[in-house]
Amino acid sequence: MKELSLHILDIVQNSVKANASLIQISIEEDTTADTLRITVADNGCGMDKDLLQRVRDPFTTTRTTRKVGMGIPLLEAAATGCGGNLDIQSQLGVGTTLYAVFGLSHIDRAPVGDMPGTMSVLVSGSPQIDFVYTHTVDGASFTFDTREIRTALDGVPLDTPEVVSWIQAYVYEGLDSLKTK
Amino acid sequence: MKISELAKALHLELLTEPGYDDREITGCYIGDLLSWVMGRAKPQDVWITVMSNINIVAVASLADAACILVSEDVPIEDAVLQKANMQDVVILRSPLPSYELGLQVHEAAGI
Numbered sequence: 004m005k006e007l008s009l010h011i012l013d014i015v016q017n018s019v020k021a022n023a024s025l026i027q028i029s030i031e032e033d034t035t036a037d038t039l040r041i042t043v044a045d046n047g048c049g050m051d052k053d054l055l056q057r058v059r060d061p062f063t064t065t066r067t068t069r070k071v072g073m074g075i076p077l078l079e080a081a082a083t084g085c086g087g088n089l090d091i092q093s094q095l096g097v098g099t100t101l102y103a104v105f106g107l108s109h110i111d112r113a114p115v116g117d118m119p120g121t122m123s124v125l126v127s128g129s130p131q132i133d134f135v136y137t138h139t140v141d142g143a144s145f146t147f148d149t150r151e152i153r154t155a156l157d158g159v160p161l162d163t164p165e166v167v168s169w170i171q172a173y174v175y176e177g178l179d180s181l182k183t184k
Numbered sequence: 169m170k171i172s173e174l175a176k177a178l179h180l181e182l183l184t185e186p187g188y189d190d191r192e193i194t195g196c197y198i199g200d201l202l203s204w205v206m207g208r209a210k211p212q213d214v215w216i217t218v219m220s221n222i223n224i225v226a227v228a229s230l231a232d233a234a235c236i237l238v239s240e241d242v243p244i245e246d247a248v249l250q251k252a253n254m255q256d257v258v259i260l261r262s263p264l265p266s267y268e269l270g271l272q273v274h275e276a277a278g279i
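So the sequences go chain by chain: V and D.
Basically my numbering = 1-based index in the first sequence + 3.
Basically my numbering = 1-based index in the second sequence + 168.
Source of the hints: derived by calculation from the structure; they are not laboratory data.
Since the model is a prediction, treat every value here as computed from it, not as a measurement.
Beta carbons are placed, not taken as given, at the ideal position from N, Cα and C, and that holds for glycine.
Ranges of calculated distance between the beta carbons of each label pair, as one might list FRET restraints:
| id | chain 1 | residue 1 | chain 2 | residue 2 | range |
| --- | --- | --- | --- | --- | --- |
| 1 | D | ARG208 | V | GLY142 | 36 to 46 Å |
| 2 | V | ASP111 | D | LEU182 | 26 to 36 Å |
| 3 | D | PRO263 | V | ASN88 | 23 to 33 Å |
| 4 | V | THR42 | D | LEU201 | 17 to 27 Å |
| 5 | D | ASP190 | V | ASN22 | 41 to 51 Å |
| 6 | V | ALA36 | D | PRO263 | 31 to 41 Å |
| 7 | D | MET169 | V | THR163 | 51 to 61 Å |
| 8 | V | ARG153 | D | ASP190 | 58 to 68 Å |
| 9 | D | GLY278 | V | ASP111 | 28 to 38 Å |
| 10 | D | GLY278 | V | THR83 | 36 to 46 Å |
Just chain D, same shape as in the assembly (with noise of 0.2 Å):
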């Protein structure tokens, strides 16, 4: 399924630009211990976290996480999407707790 596909299907809101590269997501992951994460995400994986500071974008470039998806609707600072645009992040987010949204995720994605 592709991030726009997710996207639509969750009803999530997305923080960067439109026009991102669309790419297929084929795995999730949940966590919010960025050190943690990084070496766990997958590529191509919807990361989800409760985590907005500025590093959840390096862990998601560094991982190749297809997309970020933040949980709860945590605010996300401007200069966070900033780097995310200039990094090819994609941010989604949705006022769902994490564990709903990897069930939505799982139903929407059969991942």
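If we strip away everything but chain V, and leave its shape as in the complex, we get (with noise of 0.2 Å):
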């Protein structure tokens, strides 16, 4: 995919049709490492060791109205054509963590791309689950987390129009923070 972030808001969709309700994401950038990693962890429901073992191939989809399921394997063939990897852990009953890792400097890495909007996009989305973004730039970290927010709001539901664009320029803003630090 063309950014980083619209291969999350695909690998995000999969934690919430696992009916999770604590998704959290992280992207931590190493200079030094010279690595990229993207983790998704959820809560949900989790996969048997099948499933998990069946999980990449693009033949393989829980959807019913089409047999071919490209998230992973297109995350997969993304990291690994950067020279990174993608790994996945899952138990049932407990969640699943996907692990993606690209090469920083690589020449085919996709840019991060639009994480304000991805995240506003999967909080209107499903305002009834807790997300937490964390983006770490050699050490110096921002952290968006809705549970904080459902506190301050008081009641107030996250896909308000108001708190979503509120979401949006939060984020922006913090990502924006790193960059100058």
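Two chains, each in its own frame: build the complex with the hints.
Following this line, the structure appears as structure tokens:
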């Protein structure tokens, strides 16, 4: 995909469909190790060993409308194409964690893309789910956590249009402050 | 133009099994970013690409492309060909680059 944020949007849908109540997204950029690591961890239903083994195969999908599922295969191809790799750990009833590592400076690595837009789309699409997004650049980090926002909002739903645009602006500013550090 | 006619006209190498469903080709799409191709290649297109991993079979199947035409003699692993045979996806190959193949498809098939 043209941006890594599109991969994240796609992968997080798996966590949503797994009935997760908490989804933690992390992007870690490390210029010394020259890696960019994406982690998506959820507390959803998890996968059994059989599904876990088949999940990298593009002809594996839990969807019933068509036979192809490209989310994980495309992310794995993108990561391995940049000198990285993809790993998935899952336990039934506990949750699933997906790790994708990219060569940070690899010429084929897509840019991170629109994470503020991605977070606002995710939150407004599943306002009942809690999302934590942490972005780290060489040790300096920014965290967005809907659990904190929920407390501050005192009952106002997260998909209220004003809240959604605030989230987008908040994440944008948070990421912007990382660049200048 | 049928897949077999295009293969003959452009001297293409058939990598998947013979005896395939010889579909009519009505268009051509060139692209290597699979997520991009997925939403843009049309049914009955010949899809020209340099990509070779197993995901090309899924993308061709999803887009219902008539066949995949691999350019620049990119090597394709047996596992990919096996999957293509299972999914009735036809894979052809040529030493020519994608641009040149696109021109030749245009000339031979008038598309």
